[in-house]
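Participant: Sequence:
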Amino acid sequence: MKYRLLGRSGLRVSELCLGCGTLGTNWGDLGADQTESIKILEGFAADGGNFLDTSNRYQESQSEQWVGEFIQKERDFFVVGTKYSLGDGAADFNGVGKLTNQKDPNNRGNHRKNLRRSVEGSLKRLKTDYIDVLWLHIWDYTTPFDEIVLSVNDLIKEGKVLYAGLSSVPAWQVSRMNTYADYHGMHPFIALQNEWSLVERSHEPEYLPMCKELDIGMTCWSPLHGGLLSGKYTTDSVDPSIPNRVLPHVKDSSQFWYQATQRNLAILKELEPIVNEVGEPWTAFALRWLMQQKETVTIPIFSVRTAKQLTDALRATEFQLSDEQMTKINSITSPAITSPYPAFGAYPYTMLEYGSPALPNFFSRALLHGETEAMIENHRVPHPYQFQMEG
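Position 117, counted from 1, in the sequence shown is what my numbering calls 117; the numbers after and before it change by one each time, with no gaps.
None of the hints are false.
The calculated DSS-like cross-link candidates involving lysine-lysine, where the alpha carbons are at most 25 Å apart (straight line), are: (1) K328 with K212; (2) K269 with K328; (3) K232 with K269; (4) K2 with K308; (5) K73 with K124; (6) K157 with K113; (7) K124 with K39; (8) K2 with K39; (9) K212 with K294; (10) K294 with K328; (11) K127 with K160; (12) K232 with K308; (13) K160 with K113; (14) K294 with K2.
Ranges of calculated distance between the beta carbons of each label pair, as one might list FRET restraints: (15) D154 with E270: 43 to 53 Å; (16) I156 with K127: 12 to 22 Å; (17) G159 with G48: 24 to 34 Å.
Keep in mind the hints are simulated off the structure, nothing from the lab. Ideal Cβ positions, reconstructed from N, Cα and C, are used throughout, including at glycine.
Required output: the full structure, derived from the provided sequences and hints.
Facilitator: Here it is, written out as structure tokens:
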């Protein structure tokens, strides 16, 4: 296991992050019992893994409790991340979760009161004096951005939180908060958590250039797309009308993320020859592709329910995909390019030599920079990035 600096910080974290949402039994089959959970944690640590990701809501707080018990012997070694924003309390896991304290209007959200309440609870369950990385779990579209920045910085000043990150927050809001923090001499958010996988790449045009420009690390949740990329599923073994094994009784796949759509299954089929050529487990293959992204520090957050699944995942640290293989994979999994990117180029925010496919003679390098472009030694426009439009 190698280590990477997490975003704009000196914090060393393992190149893989263990997602601890499956450590617990309160979500039924979506978890491991305590004996198996300890084996998973021990196996990850034995391989050099120090980066753990949990939440006040994972397994209805049981995940935090078990992680807290495990890290006691080597607290300084582990980089523990947990989250706030979602309410906590007992739930009957039906895809939404009915909390026991629904009548408390401040038991959820990004605001200061819930932040303070949630962090204090997490510290007790984790049996620690500080949280290494506190993540805002999901944007609530309600709390003023400056309240979030100021509230998190208060906790950093108190020593209860060392670093902060953002999960599932619009790119424009991320930029706004970190710019505000910079201009006011406060601690910025050092990393993001976004859904990112071989079949979910739609965030790339907006988020990756932002991360590169602002030096924000990217951690990826659901890198196996809810298990679809684990190697267990094929076009013959999946019913596209059932979105995932979490909610098998729900037939409307439009409601959920982890869809075994015809597109996704077709991608699996096209990738299969490359996976066979590499000779590694599907899980490791999917994680390795993310680990080799070059635009920003990229750390997949993977979750497992058995020690065997952990072994397959850790294989991702033992091999490299060739440049040729990466090119093929990127071509097969390329996301649709949506407006406004066709006008000025696609990820990674580069400009075409002769304009965009939609407007061949407009927005070209020559039109915008003229004949003197070649005379500028440190020009910010990178080499033209060629891509194909879908359709």
